[in-house]
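Chemist: Read off the chains here:
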Amino acid sequence: MNVLLDNLGLYGSAFLGTIELFVVAAIGSLVGGLLLAAMRVSPVPVLRAFGTGYVNIVRNTPLTLVFFFFAFAYPRLAIVDLSFFTRACMALIVYTSAFVCEVIRSGVNTVPVGQAEASRALGFSFGQTLSAVVMPQALRSVVPPLTNVQIALLKNTTIAAGFSVFEAGGIYQRLSEQGYNVLIGLLWVAVGFLILVVPLTLLQRRLERSWSVAR
Amino acid sequence: MTVLYDVPGPRARTRYRLLGVLGTLALLAIFGFVIYRLAAAGQFSPRVWEWIQYKAIQLLLLDALWNTLRAFAVAAVLSLIFGAVFAAGRLSDHAWLSRPATAIVEFFRAIPLLILIFILFFGLTQGAGIQITAFWAVVLGLMLYNGSVLAEIFRAGVASLPRGQSEAAYGLGMRKSQVMTYVLLPQAVRAMLPTIISQLVVVLKDTALGFLILYPELLYQARFLGSQGQLGSPILPVAIVIAAIYISMCLLLSSLANYLERRTRRTRRIDPAAPADDTAIEMEQIRAATP
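Residue numbers (this note's numbering), protein chains in the order written: chain A, 1073 to 1287; chain B, 7 to 297.
Wrong hints could be hidden among the right ones.
Stated by the list, open to error - If you anchor each label on the Cβ, the simulated ranges turn out as follows: (1) A1150/A - L258/B: 21 to 27 angstroms; (2) P192/B - S1155/A: 52 to 58 angstroms; (3) G1186/A - R268/B: 22 to 28 angstroms.
These aren't lab readings, by the way, just hints derived from the structure by calculation.
These numbers were taken from a predicted model, which means no experiment stands behind them.
For each residue, glycine too, the CB sits at the ideal point set by N, CA and C.
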């Protein structure tokens, strides 16, 4: 208990770092994933090919490697000098966007083609078809797995700690310097993550139960 | 064609063609900029690629690859065993067995894998005095996390089978263990095989976390080579080569999963009793896959 109480400030700021990173990366990956999904279902072959290629490559790349690139290799390119926080966000967004894209794409594909055909036959425009017919149905099958992807993102933020120490995964190094018991310190970090992840998991299960559509 | 777009008429076709040209130009501009930056930073000069020719470095990278594959193989086998044991525990009729199994599986799924590995490596060594090598910290961490996910996959596979299967087996007078081993498990494993292989891709990818506790796998050696001044500090070329190795290994395993998935789908369609529900299967797989 002492390890936690003595270092409450350290834990607080570290978990705040985790949450900041999570929120920025979550919003970024949703936007990126939506763009990629729009490319993957678009009628333009070039964009479709790019979206498919991106998703296939990024899904088969270890996140640590993406971080490795942004932490060590990116500064060599000397494009724009970015803080480590920004680079960590970029690494997480590049990686998670591919998973978000897959969820959205397969969610859109669960809507039967007849739905869109019927709405076009009724004279709906593209925007109306999308917003009034396809999206409301797709959303139901998209949101539960999307929550899963975001939970994984929250856990993946710890990898940033392997490259720098502003984040919850980096607490052990400070504790070790001050001579505290690292095992107990790390167990408290695990508890912190349980507190963050369990409510999200419960929410996800609830959405999955109440939103599942019988087709 | 996807659900969103109708078959294009003449006007839509010109619009798509225009978008195609614009998209190609934009993508070419992005790739061109990246290549220009790489060239401007001197990453294409022969000096920073020289290291590939050295025999000692090739052997070093082979050794690193072996370390990665060794950790992957041991972790994959252990996670499959862990998953099978805990799935059996969760499916048990005895609460004293199923409740702890559920708690353990949920616990290890909720904790970030890196924190698990840190606990095993730094925590146990410095906090409890138990010496554990980097190899075993990585392997055990992977086993606990991926084993829990696999337990969930096995359980979902058994739960997704029609009730009639187990009812018929009980009706024939089989015991629960017989129902499980002869009737439910063979079908569940077959249905979930693509998902199981996809999870093994995750195991392979996550061996890269060993880099953060200085397990001498591919990324560790990449960092080492990239900081060698006498080679011209070739961190970018090394990162590109290592990325190519990782991506091709994972793509191979992923394509095996895709192949198996196509095969299971094909046979399902023939079976008149179980109507094909491709989208439901795909959503199930996406749900089970953890990034």
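Chemist: Does each hint hold? Answer for all of them.
Modeler: Okay, the hints, checked on the actual structure:
{"no.": "1", "hint": "A1150/A - L258/B: 21 to 27 angstroms", "verdict": "violated, 35 angstroms"}
{"no.": "2", "hint": "P192/B - S1155/A: 52 to 58 angstroms", "verdict": "holds, 54 angstroms"}
{"no.": "3", "hint": "G1186/A - R268/B: 22 to 28 angstroms", "verdict": "holds, 25 angstroms"}
Figure legend: structure checked against the earlier numbered hints; the only hint not met is number 1.
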